[in-house]
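Now for the letters of each chain:
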Amino acid sequence: MIPGAPPEMGGGGLDPSLFLMSGYLLGMLGGMILLALGIGLVTLPIFFLTLFGIEQVARVIAETTGSFAAKLVLIMFRGLRRSPLRTSLTYLALFVLTTVLVFLYTILSFIGNVTTEKESNFKAIVTHKTVIPSQMPPGYYKEFRRIVLEELPPESRPVNGDNDLMSWSFVGGSTDKINRRPDNSMFMFCSEPGKITTMMDGLDDLTGEEKEMLDKGVAAMKANKQAIIVSQIRLKKMNLKVGQKIKLYGLNYPDMEFDLEIIGTLPDGKYDGVGFMNKDYLDDLLRQKPDDYSMKDKALNLIWVRLPNKQAFERLNALVDDPKNFNKPPIKLETASSGIGSWLDAYKDIFFGMKYIMTPAMVAIMCLVIANAISIGVRERRTEMAVLKVLGFQPRHVLVLVLGEAMLVGLMAGAMAAFLSWFGIGNLKLQIAFFGAFIVPWEALVYGPVLGVAVSLLGSIGPALSAKNVKVAEVFARVA
Amino acid sequence: MSAVLDSPTHLPEAPDTERRPNAVYAFAQTVAGLLVPLLLLRLVRAVVSPRSEPSGVAFLRVPVIFGLAGFWLLVLTMNASMFAFKGFPPFQNPPKFESPMHLAILGAAYRAMMGVIQTQVSVLFLDWLFFRSFTNIPESLRPFGQALKRRIIFERSIYSFIGTLFVIGFSLLPLASLLVALPAVSPNEAVLSDTVRPARTWASRMRRRVLAMCAGLIVLVALFAFSVSFVSALPLPAGGQLGSLAKKALGSTLLDMAMPESFTEKQPKDLPDGEQWLTSRELLERRKTLEDTTKKPNLAPLDQQDANAALAEIEKEIEERKATSPRMQVMTDPLLSKWLAVPIWKLLPATFIEHWPFVLLTMYGTDLVLLLLIGRVPLAYNFRYLWVRRRDTALTALAFTVVVALVVVLLAFVNGMYKLNEGTGVPGNVMVLSDGSTDELFSNLGYGDVSNVERIVLTEDEKNIPLPRPITVAKKPMGPEGKPEYLASYEAYLVMNQPIPVKEGEKPRRRFLQVRAMKSGPIASAVHNMDLYPGGQWFADDGVHQESGGKYIPCVIGEGAAGTLGGDVGKSRLEAGDTFSLGDKEWLVLGVMKTRGTTYGSEIWTSINNVVVKAAGKGDKYTTLVMRLSENTDAAGRAMAYHIQYRYDQAKLKAFAEPDYYKELTKTNETFLTWIVTLALVMAVGGVFGVMNTMFASIAARIKEVGVLRILGFKRWQILISFMLESLAIAFVGGLVGCALGYLANGFEASSTLSGGNGGGKSVALTMSVDYQTVAAGMLFTLVMGRLGGLVPALSAMRMEILDLLR
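Here the protein sequences come in this chain order: R and E.
Using our numbering, the first residue of the first sequence is number 261, and each one after it goes up by one.
Using our numbering, the first residue of the second sequence is number 94, and each one after it goes up by one.
Since the hints were derived computationally from the structure, they do not count as laboratory data.
One should not assume that every hint holds.
[Claimed, not checked] Straight-line distance between alpha carbons at most 27 angstroms, and here's what the computed DSSO-like set of lysine-lysine pairs gives:
#: 1; chain 1: E; residue 1: Lys341; chain 2: R; residue 2: Lys505
#: 2; chain 1: R; residue 1: Lys496; chain 2: E; residue 2: Lys341
#: 3; chain 1: R; residue 1: Lys496; chain 2: R; residue 2: Lys471
[As the list claims (entries may be wrong)] Examples of chain R residues toward chain E, derived with CB under 8 angstroms:
#: 4; residue: Val391
#: 5; residue: Asn512
#: 6; residue: Leu604
#: 7; residue: Ala621
#: 8; residue: Val629
#: 9; residue: Ala631
#: 10; residue: Glu640
#: 11; residue: Thr643
#: 12; residue: Glu644
On a predicted model such as this, the values are computed, not experimentally measured, just so you know.
Where a beta carbon is used, it is the ideal one built from N, C-alpha and C, also for glycine.
Work the whole structure out from these sequences, hints included.
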């Protein structure tokens with residue numbers, strides 16, 4: 261018996277779970293406060309420093325040129341400084357909401373990109389005609405290569421010949437023979453090493469150090485059939501390091517053991533969670549197996565080919581569809597975008613929800629936040645607006661003043677959110693189908709500030725019009 | 094950034110921390126860099142700001158101040174440059190300034206900015222303490238004094254911001270607890286009474302603080318205790334997404350918090366080649382698995398020997414690890430491990446874990462009722478004011494409405510997924526797959542593997558305790574002759590690729606369809622409790638549709654699949670008699686299955702004697718055997734599954750009680766739930782700041798009225814509660830409308846996937862479900878937002894003195 265422990269744990273007497281619960285909830289509360297503090301401390305000083313900088317520039321311009329516009333800008337800044345707490349709260353709300361919108365845009369634009377055909381990099385995929393997962397006899401690759409390189413008319417053949425063809429076999433293995441779990445398993449794309457840097461999306465356009473390192477890795481894989489390159493995230497999950505030799509027990513290749521050496525990692529954010537293995541090693545292992553080994557005729561999962569144009573695709577499609585070329589099993593050729601689109605079909609309602617429900621709702625919330633803050637500010641400053649009018653400011657100037665304040669906050673929040681998402685976070689780790697990371701596109705740097713300005717404009721137009729229409733006589737009558 | 098071996102055989106791995114700031118290094122580095130100038134400044138205080146004016150030092154002031162300011166700027170510049178050009182601490186991976194140039198410059202500017210911020214943040218407190226000691230700045234140093242003043246104002250605003258955040262956070266506590274605990278923060282502040290005798294000594298202040306904290310905690314625990322007991326007595330069903338969410342959020346152990354694995358468990362550098370290092374947790378898990386394995390009666394002798402050897406090796410490694418790892422010592426200690434090495438949710442009341450929204454709602458409700466009972470609160474005044482400012486009230490409530498409606502819709506989506514998990518599977522069904530397979534899709538059962546399984550007679554449960562009566566596979570009279578047959582459904586599950594009919598000019602598209610090929614349709618129907626809508630009929634066992642002369646492949650389809658395929662031909666869903674094309678063959682729908690609430694909705698069921706299934710390589714093997722037991726209970730299902738997996742020795746098989754198999758497919762649900770909660774929290778920021786702005790402005794406009802209320806005899810805490818109630822009322826109305834709007838999503842069909850995280854997964858058609866849990870979560874969410882946004886303004890109203898209010 262454990263004194264004080266709950267009965268299900270073999271204890272009796274006082275149940276301390278309520279104290280623990282209170283303690284845990286308080287701890288959680290403290291954690292949330294610290295998180296908010298972190299966000300505020302990282303972004304608010306930059307926000308206020310930037311505002312201060314712009315204000316000083318405007319002041320210098322106003323003093324040297326006497327420009328009315330610059331003076332108007334100075335009044336805007338004074339308005340923002342009038343209630344730093346409200347300005348900070350509004351800025352933080354817009355900043356956080358824009359960050360989420362940037363993430364939503366990142367996912368949607370990535371999905372849109374991979375499911376759009378690209379004339380400049382027209383890839384097609386060969387798979388089993390009907391069954392998922394696609395499994396084809398390894399001999400199909402040789403035959404397909406012959407058809408592509410010899411039977412297709414010369415103008416329809418891949419520009420780089422054999423270098424534009426690539427075969428894929430999926431190999432899953434666990435480091436634990438008995439207890440095969442996701443955290444001790446590795447999933448690998450088994451292919452010709454040389455094609456990794458020329459055919460794989462995201463790896464074929466690397467530059468600088470990343471390219472140099474991956475090229476070295478590919479050279480090492482060519483020299484050593486058992487060498488593999490694995491994503492950093494997978495290595496970390498499996499407690500493995502570069503340089504380690506491991507044994508994997510086949511998951512989809514029963515009774516097959518893979519002796520492998522980890523010789524490098526993939527660039528961060530690229531093909532997270534998987535590894536690349538040399539196809540020759542799999543072929544060697546398959547050759548050692550008896551003829552009735554279940555995977556012998558199923559070891560080829562898909563073939564990629566890069567074609568010069570859509571016409572070449574149509575021609576090749578006709579050859580692939582011809583039963584005299586491939587009939588047991590029949591296969592199909594589809595564009596890479598269409599193939600990926602099929603996998604993402606199950607998520608279509610989720611993407612729909614992101615695009616047409618969540619995004620507008622977030623924008624609406626942003627508008628409401630800014631509308632709320634600005635309308636309160638306007639109501640508090642009705643006397644100030646009236647004084648400005650008495651001093652000769654036109655109603656349109658008052659309108660611009662209020663809109664300007666809101667748009668300044670929106671611009672800063674949008675720009676900051678986009679910049680920190682793009683540069684600070686870089687990629688969003690989220691598993692959707694076989695995509696594990698979504699790289700924040702550079703366009704976010706443009707859309708973020710634009711979004712901030714647009715929602716500020718939308719949200720503040722009502723209060724701004726109300727400020728514009730302030731009746732001087734009414735205000736002063738009330739003051740009097 | 095990638096890393097590969099330098100030579101074809103060796104090169105160090107790139108650390109995954111590169112390009113990311115390392116907070117610990119940054120802090121140490123900046124403190125070390127800035128402490129020196131601060132200390133120097135302290136040393137020369139007598140010159141800069143003398144208490145009396147000694148002769149002969151005045152001429153030193155300007156050079157000293159400028160020298161020190163220059164030095165400080167130099168440190169800042171050096172710090173910024175170091176970050177810009179050498180990357181983030183510990184500077185192991187300096188950035189490359191190569192093309193594209195603008196990116197490199199932007200990156201350098203960002204890092205420099207982070208360097209300066211880190212410097213400033215880390216020394217803020219020391220800085221503030223120091224500058225406060227400058228009390229009398231000479232007139233000759235006016236610019237210095239002004240700079241100092243600005244700096245102090247800036248730093249004060251930061252402290253005020255930090256304080257505000259803490260107050261916002263504590264608004265989540267019950268008000269009763271918060272009021273009692275308030276002297277912990279300001280011991281001389283009167284809360285429950287109008288005045289309080291000032292505590293003049295440090296000791297008396299500290300005593301008040303400690304007493305207040307204890308009292309607050311006691312009130313909190315008492316409220317929790319009442320709420321947990323109350324909710325326990327309610328007839329609320331178990332299960333659902335909210336329990337899963339709580340288990341996920343409270344899934345770590347106290348040990349993980351005190352001694353995080355990543356800090357305390359380091360892989361040794363001299364690990365021999367080919368050997369994999371396991372953490373303490375992994376070692377213990379492996380020992381558990383091996384212990385289970387060695388107890389398997391049906392294990393082959395050679396495998397038994399291997400497992401025993403592996404177990405001995407693991408035991409040895411655990412003993413060795415104990416000597417060096419405190420984590421391992423705690424995890425293997427019989428007493429400590431029960432407290433420290435179990436997930437926190439197991440230590441908390443089960444009712445709270447399963448029904449936390451109800452517990453928290455009850456707690457907040459009880460708290461308010463208590464406070465209203467204790468003292469009078471000017472409620473009529475507050476609600477009248479809300480009506481007077483109805484436009485602002487409506488605008489703020491609208492923000493709550495949008496946020497809550499969205500949260501309810503998102504939760505309804507995940508709720509629909511959980512309901513599929515819980516709704517699929519019959520308690521007395523056992524699902525058999527091939528050994529080692531984690532999903533139906535990857536299972537391969539030969540005829541010989543399972544031919545005798547249906548004849549098993551089970552006499553003992555999992556713990557070898559004899560059963561009151563033997564459990565067998567149930568039998569039912571089938572066919573025209575009514576011959577009793579085992580309710581054992583032999584099935585081949587496969588996923589097929591179908592071209593989607595597209596209009597002229599559209600690019601070709603495809604979709605995946607799930608096909609379940611059965612040995613017998615009527616037996617499958619009996620095993621899965623699957624009925625057809627009126628007018629439907631099951632396919633013949635031989636898979637031939639006699640009426641069409643074998644032209645069509647006969648099948649029955651789930652409601653989701655009927656909707657999807659119906660869309661291709663402009664119908665809301667396919668019905669019996671309709672056809673579709675799949676695998677180059679025409680299929681005839683004989684009936685639509687009543688699949689609502691199960692994962693079978695997106696499936697097509699057909700006979701295994703089918704050319705398309707055979708062409709897919711599945712005709713000669715099954716993937717799954719599902720059996721209905723003579724006792725339709727969870728316990729019977731689990732006992733039989735255990736028997737097949739661990740005792741049955743005619744073939745290596747994997748077995749599950751059917752509901753357990755589907756309950757495991759929640760990996761995707763958990764991922765979605767995590768993201769939804771994250772999104773909800775972010776969206777809540779909008780609502781919180783909205784109500785905060787409104788309440789601040791509203792209170793500012795009524796300062797005098799608050800003073801009048803105080804004169805009329807309302808106490809400080811009553812003022813606090815009245816303003817809190819005002820913001821809660823806005824949140825409540827907004828949230829209620831949001832829940833009502835979100836309820837419109839109830840019953841909507843959507844598609845998603847279910848996965849257990851072991852590969853595979855199922856596309857499913859789900860029905861979005863807004864149930865009592867979802868509404869409770871929505872209402873709790875809105876009230877939490879209301880509290881977060883309402884407390885700071887309410888506190889500001891409470892803390893003002895009557896004279897200040899009326900001035």
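How the hints compare with the structure:
no. : hint                  : result
1   : E:Lys341 <-> R:Lys505 : violated, 34 angstroms
2   : R:Lys496 <-> E:Lys341 : holds, 21 angstroms
3   : R:Lys496 <-> R:Lys471 : holds, 22 angstroms
4   : Val391                : holds, 4 angstroms
5   : Asn512                : holds, 7 angstroms
6   : Leu604                : violated, 10 angstroms
7   : Ala621                : holds, 5 angstroms
8   : Val629                : holds, 5 angstroms
9   : Ala631                : holds, 6 angstroms
10  : Glu640                : holds, 7 angstroms
11  : Thr643                : violated, 13 angstroms
12  : Glu644                : violated, 15 angstroms
This entry does not satisfy hints 1, 6, 11, 12, going by the numbered hints stated previously.
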